[in-house]
Amino acid sequence: MTGRLTTLLGALAASTVLTTGAATAQSDEPIRVGILHSLSGTMAISETTLKDVMEMLIEEQNEAGGVLGRPLEAVVVDPASDWPLFAERARELLTVHEVDVVFGAWTSVSRKSILPVFEELNGILFYPVQYEGEESSRNIFYTGAAPNQQAIPAVDYLMDEYGIERWVLLGTDYVYPRTTNRILETYLLDSGVSPDDIMINYTPFGHSDWQSIVAEVAEFGSEGPLTAVVSTINGDANVPFYRELANQGISAEDIPVVAFSVGEEELAGIDTEPLVGHLAAWNYFMSVDTPENEEFIEAWHGFIGDEDRVTNDPMEAHYIGFNMWVEAVEAAGTTDPDAVIDSIIGVSVPNLSGGLSTMMPNHHITKPVLIGEIQDDGQFEIVWETAGLVPGDAWSDYLEDSAMLIADWRSPMSCGNYNVESGTCSGQNY
Amino acid sequence: MPTALRRLIGLLLVSLTLVMVPTGAGAQDGVRPMIDILAEGNFRDRRAAAEALAATGDPAAAPVLTALLEGNLYGRPSDGAVFIGVEEGDQLTLIDPITGETVDQVAERSMDKVRVNNPLRRSLRTIIGVLTLSNPDPAIRMEAAESAFQNPDPNTIDTLDAAIAAEENSAIRAVLEQARAAAILDDDAGQADQLAAIETLRDRGDRDAQALLNRLAQQAEGPVAEAAGDAARRIESNLAVWGIGQDAVYGLSLGSVLLLSAIGLAITFGVMGVINMAHGEMVMLGAYSTFVVQEIFRGLDPVFFDYSIFVALPVAFVVAGGVGILIERTVIQWLYGRPLETLMATWGISLILQQTVRSIFGPTNQQVANPSFMSGAFELGHLTITYNRLWIFVGAMVVFAALVLILRRTPFGLHMRAVTQNRAMAANMGIRTARVDALTFGLGSGIAGIAGVALSQIDNVSPNLGQGYIIDSFMVVVFGGVGNLWGTFAGAMTLGVANKFLEPWAGAVVAKILILVLIILFIQRRPRGLFPVRGRAAET
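Here the protein sequences come in this chain order: Y and X.
Residue numbers for the first sequence follow this note's numbering, so the first one is 1 and each next one is one higher.
Residue numbers for the second sequence follow this note's numbering, so the first one is 1 and each next one is one higher.
Incorrect hints may have been included.
Have a look at the derived ranges for each label pair, beta carbon to beta carbon [stated by the list, open to error]:
no. : chain 1 : residue 1 : chain 2 : residue 2 : range
1   : X       : D208      : Y       : D196      : 50 to 60 Å
2   : Y       : T290      : X       : S237      : 49 to 59 Å
3   : X       : G41       : Y       : V76       : 47 to 57 Å
4   : X       : V398      : Y       : R91       : 52 to 62 Å
5   : X       : G41       : Y       : E216      : 36 to 46 Å
6   : Y       : D160      : X       : G30       : 31 to 41 Å
7   : Y       : G192      : X       : N42       : 43 to 53 Å
8   : Y       : D196      : X       : L518      : 49 to 59 Å
9   : Y       : D196      : X       : V398      : 40 to 50 Å
10  : Y       : D160      : X       : I520      : 45 to 55 Å
11  : X       : G243      : Y       : Q375      : 29 to 39 Å
12  : X       : G243      : Y       : H97       : 54 to 64 Å
13  : Y       : P225      : X       : T102      : 39 to 49 Å
Since the hints were made in silico from the structure, they are not lab data.
Because the structure is a prediction, the values reported are computed rather than measured.
We put the beta carbon where it would ideally sit given N, CA and C, even for glycine.
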């Protein structure tokens, strides 16, 4: 009997120890947040800033008491602008560092290469950059703009305000411009633009000799009604492009250029004098005049220790995504991916342009669309914005093969590409 | 006679406006609300308000509208009064738009800027254009005449007639007459007038004139439509010929960029035989030297800013050349005759240099401004030639000529050729081969640095700058013939021109692929390139 009692007592004691042990682990052990942005190689130019802003947000959250009473710890890895390395580093974050959430990637090809890893290991990724759409994964949250949150409103603005009738779609030759231009072309044709009035041109990455293409655009533009350029030119190719425009004397009044990849960060490396008046469409500009934005810029300058550093749209996307994740974790009471994935849908957090952005069942968010004109100080002056928030559309209605697809990750549908015509969900095989 | 009558009426109108001006200025109360209303409503309301203001002919209209166009018009939130603002840091000096007197100095944030967008800017230019057709400054008159041509309006014919009669500068008068012709096309004037206008436009002969004529050919009927169609076709065929010339200009310009970036490699790879993967980074160092020099000049008097590039040239040469010598002494000299190891080592060096620059200057692009003499373009007939490309072409020629002279006419060039042709024999003759190697590598790298100065004017200054040029540079040197400077020259120009003639009908991506395929085929036929080095030296 005594023996039995001792065993019982022992077991009780052991379980108490275990519980207390677990409890202490719960409150002390930091929640790990993975940051997967290139710090070297070609994409370092854009992605380094995003790593910095994530570290700032984590630091601020820790000062405010962390999440679930636990501090956050940033785990930074460098995928070095190398797409296969993105997948390796993502695996390392999820299995070796055991992070609870990852913020990262910039290019679509890097996102495509880590998508299978996140689905296999059931991780959570927040992707902060405007992209071509046509995707919705259970494990990825897209906080950047889908084409209907950037490209289509920009074209609408040019049609209504400028009376543009001829369109030049210029892009770098890869998936984002190709898909966006396919969507835009269908949209323009649907709006009654004749095929003769649309010119599409692709250039290689880092294209630096724009002489003949700009001359071609000028010729196309002088043939009749008002012409605009819709530019999905990526990264480094933009500087020589705008320089050539200015040198050939094409001003924003003759042929306005509306760009989807040129933000404050890109303009910081250009002499903006000749660009004044050209346009960009984003969901955020540094010049947005709201108290939230002022606070954010101040915090950013304080964190980075440089008053000249700019803020841009993908930074805001991380700001929104991070706050959504914090709120979802608090609501779920755990960092368990399945619980967070369920609880984050419907979460609304303030964005920096004075509204509330909401996570929708298709894992995209609602955002306002702003059009800005480039100023000589490298900032944008907002000339137009959508009346309300625009919900991101994962599958474009303007592409034949995706018009009938919808994404809804709530049960019972729980599908990223549900075909409303055939009533089937094709799983993850898109 | 009718023209004379028209002119007379036009003159009368102008003088009438002139007489009316004082009355307008006197009625200040009438204009003030018209100016204040500019700050209200949307862009379309603003345009209507600007037109109404210009129609008063008040002398305040031109400065107010110019300020609006340039974004210097501000509204005071408290009472809605509009002022012309002059920025000084965060402060704004407010100038009364009617009296032109300084009223107040306030913080910029306390005022609302009157926003303009591109369509509004375009309308403003037309409105201001009409107001400034009689401006004493010929440049402003020329601009006004051009803007009148770009935005033809039959209502302005009388004003244009008056301006033509008063104009003494023949170039401006020609543009005014073209503007008048463009306006007459839209007017239901007599057939004779329209036919004359078509002729004027045909003589102008550019795309704008062609567009106007094409539109007329579709809208009008009978002989006018025929004449317009003929004139448009003549312009078209004329421009097609100019187009070939334009493609050639673009090709030569691309060729000169290729030549500049490849010519340093023609020394290090072509003459010395070192497969130098870090060549692109030498170009990048040159570009960053330009940036640093320009930043220093920014701190000085702006008068000197344009000359910073002349300082940047030697600085870039010394920096890149110095780094080149350092690399040669520390790494490459141990690897002569081992091409594979050289390739790996220089590849590593290129990564190290890139990351070093990234760590020092940050990963973002750096801003290098074009000096004023390298901005803009000029027209040669119907050829558009941009100044930066022209200067780069001239620079490439100068560098090339200097290099040929160094190799052919100086003792150093002689030593260099001797060492590369037969190292052992050159050493026996008393040439310090190690020193010549280092200097030759330094020369090649220094020239790459100069290429960097040129490229900073047309491309991004970022740590990745060099990577975009390394493949093209190797292509040019191999295509032209390894070891032959003239081969590099011919190779660069051929590739540039071929690329630009292929681009318009194949697209930039396909053109690039086609060029690569053509080079592969060419190298199959002639493995030693366009101008192979012959003789014993070639065998070593």
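Against the structure, the hints come out as follows:
{"no.": "1", "hint": "D208/X x D196/Y: 50 to 60 Å", "verdict": "19 Å, violated"}
{"no.": "2", "hint": "T290/Y x S237/X: 49 to 59 Å", "verdict": "57 Å, holds"}
{"no.": "3", "hint": "G41/X x V76/Y: 47 to 57 Å", "verdict": "50 Å, holds"}
{"no.": "4", "hint": "V398/X x R91/Y: 52 to 62 Å", "verdict": "54 Å, holds"}
{"no.": "5", "hint": "G41/X x E216/Y: 36 to 46 Å", "verdict": "38 Å, holds"}
{"no.": "6", "hint": "D160/Y x G30/X: 31 to 41 Å", "verdict": "34 Å, holds"}
{"no.": "7", "hint": "G192/Y x N42/X: 43 to 53 Å", "verdict": "25 Å, violated"}
{"no.": "8", "hint": "D196/Y x L518/X: 49 to 59 Å", "verdict": "32 Å, violated"}
{"no.": "9", "hint": "D196/Y x V398/X: 40 to 50 Å", "verdict": "46 Å, holds"}
{"no.": "10", "hint": "D160/Y x I520/X: 45 to 55 Å", "verdict": "50 Å, holds"}
{"no.": "11", "hint": "G243/X x Q375/Y: 29 to 39 Å", "verdict": "36 Å, holds"}
{"no.": "12", "hint": "G243/X x H97/Y: 54 to 64 Å", "verdict": "59 Å, holds"}
{"no.": "13", "hint": "P225/Y x T102/X: 39 to 49 Å", "verdict": "45 Å, holds"}
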